[in-house]
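Taken in order, these protein sequences are the chains called A and B. By the count of this note's numbering, the first sequence reaches residue 315 at its end, each step adding exactly one. By the count of this note's numbering, the second sequence reaches residue 315 at its end, each step adding exactly one.
For the record, the hints were derived by calculation from the structure and aren't laboratory data. For each residue, glycine too, the CB sits at the ideal point set by N, CA and C. Be a bit skeptical, because a hint or two may be false.
[Unchecked claim] Residues of chain B placed beyond 12 Å of chain A at every Cβ, according to the derived structure:
(1) 140
(2) 150
(3) 213
(4) 216
[As the list claims (entries may be wrong)] Result set (PhoX-like, lysine-lysine): computed pairs, CA atoms no more than 25 Å apart in a straight line:
(5) A:244 - A:169
(6) A:239 - A:169
(7) A:126 - B:85
(8) B:126 - A:85
[What the hints assert, rightly or not] What the simulated footprint calls covered on chain A by chain B, stretch by stretch (three residues with Cβ under 8 Å from a Cβ of chain B suffice, anywhere in the stretch; the number is not a length):
(9) 44 to 58
(10) 80 to 87
The residues making up each chain are set out below.
There are 2 protein chains.
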Amino acid sequence: MALRPEHVVALVGGVGGAKLAAGLVRILPPEQLTIVVNTGDDFWHYGLRICPDLDTVMYTLGGLVDPVNGWGVAGDTTALLDALKRYGEDAWFRLGDQDVATHLLRSEALRNGERLTEVTRQLTNKLGILHPLLPMTDAPVETMIDTVEYGELPFQTYFVRYRWQPTMKALRYAGADHAEASPEVIAALENADAILIAPSNPWLSLAPMLAVKPFRELLLEKNVPRVAVSPIVAGTAIKGPAAKLMAELGYDVSPRSVADFYGDLISGFVYDIQDSNLKISGKKTFMTDTIMRDQADRERLAGQILDWITAEVWD
Amino acid sequence: MALRPEHVVALVGGVGGAKLAAGLVRILPPEQLTIVVNTGDDFWHYGLRICPDLDTVMYTLGGLVDPVNGWGVAGDTTALLDALKRYGEDAWFRLGDQDVATHLLRSEALRNGERLTEVTRQLTNKLGILHPLLPMTDAPVETMIDTVEYGELPFQTYFVRYRWQPTMKALRYAGADHAEASPEVIAALENADAILIAPSNPWLSLAPMLAVKPFRELLLEKNVPRVAVSPIVAGTAIKGPAAKLMAELGYDVSPRSVADFYGDLISGFVYDIQDSNLKISGKKTFMTDTIMRDQADRERLAGQILDWITAEVWD
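Take these sequences, add in the hints, and give me the full structure.
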């Protein structure tokens, strides 16, 4: 019988990724798990560097996250945001008062020349998070959405200001050509004996990461299980715009399209029992209940995936 | 009988200055009053440019000020500050959640190259303040306090962090040598037919201003009433460290020391009825109840001073 993987790297986006990460951290100790987070959604707003996915994962693992939204700090208030409105600001991006403390500390450190990787390490340490949480890169990468209605929009303008209602024509990841994964990310990937891609949005959360060198190259040359979990279940997305944008970009809204999107980058695929008639060729597959309703679900799913990776023969 | 002054410039610091300004604005229309504010207390903190005196005057005139403290926004909360503490921050400077909205907008505009004068104009406009509120200069001037216990401290460290308890040996106004009053301030002073110095701390609120060129020169050459209101009443300060620092710097804690401090810069002096035996030579003097307990007091004092300036013969 195979040994459990000892160095797992999880590639994650926002809420869905944070949930799987919250399951994994209860099973794997800090030295056996590295969580790499999308930063393509990051932006400057009122002089604050906001990293939505990093914050969502950090607040989730730190036990601070709003349990209803799945992002932001539980019980956070918006006195600052309301005061911005008093100055005539549109204030379309929700800035929670507690949340801004994170942004302030991060922005000041970045302005002082610290790397986002280092800043994130300090913030997570202070919140008692022991597992390494790594931004995919320290360089700026900006997901840009070309829309029918408004032309090209920065990600947060599309996602939050327009509530992902504009019709997507295309995406690009500005800056990715010149960005490199951080040394910490590269070391984690090189050292990995299993790589998990969370049920995050492939186009919005994973593609920005895969556009950064040498993610794609490292994944292709790693002879270890590389497993993606489908964010598409029964023809729709568990959360967010994945299904909508897949239809707009001309994809069939099915787990198969997700598996095809990752292609050779993955050797294994996890999909939901609601898609029991799915056939995926050329990859190992595992079917289970992938919906994470609560913390027990997260730990169950994480454990099942790790057990399957251990039991499967990956040759 | 003389005419009421038509172009009054009020030089103000924080709470005491804001109170007199709140009286003046009810008597003089915007085109007849310019309020010039100390910026020697300003500092960067968590990447925010905080201008305590400007904010105090702005919140007071905008009807937002905390009526108990005399500074900050009424009913403001500290969720952000508490979240900073969660990250292990000392958080010695009170950052109200609503207050931070002001700092964010100001800091972003300054980073974009706008002048503090312009930023302040925009913020005050949004709060419905019609009277011009001018920072004394757009250049950085930092009041530095040399203390027996800790050596030299930046102003806010002395004032807030150590609650003005260290013993003051000396003061300096770093940057003042290279700072110039803004064109708007110079124009207002040149156009003034009366200059009022509020009952603010002469050493902490007025001296930084007077250290900036060409304040002193303009005041000395203006042949108009130049009137200071004593912040010292009956041997003590109405608020703050004025009396303590006067004693530490070797001054007699009396209105006379204040009048002597301003010297030739003023031609008139207003002091409190509690100091009825005060004798000041070489200046016109006016004795009244200078304590501003409420808005009625502020308007009464402002009106009395303007009436006295009008009635007095200044030759």
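Each hint, compared with the structure:
{"no.": "1", "hint": "140", "verdict": "17 Å, holds"}
{"no.": "2", "hint": "150", "verdict": "24 Å, holds"}
{"no.": "3", "hint": "213", "verdict": "31 Å, holds"}
{"no.": "4", "hint": "216", "verdict": "35 Å, holds"}
{"no.": "5", "hint": "A:244 - A:169", "verdict": "12 Å, holds"}
{"no.": "6", "hint": "A:239 - A:169", "verdict": "21 Å, holds"}
{"no.": "7", "hint": "A:126 - B:85", "verdict": "10 Å, holds"}
{"no.": "8", "hint": "B:126 - A:85", "verdict": "10 Å, holds"}
{"no.": "9", "hint": "44 to 58", "verdict": "holds (count 3)"}
{"no.": "10", "hint": "80 to 87", "verdict": "holds (count 7)"}
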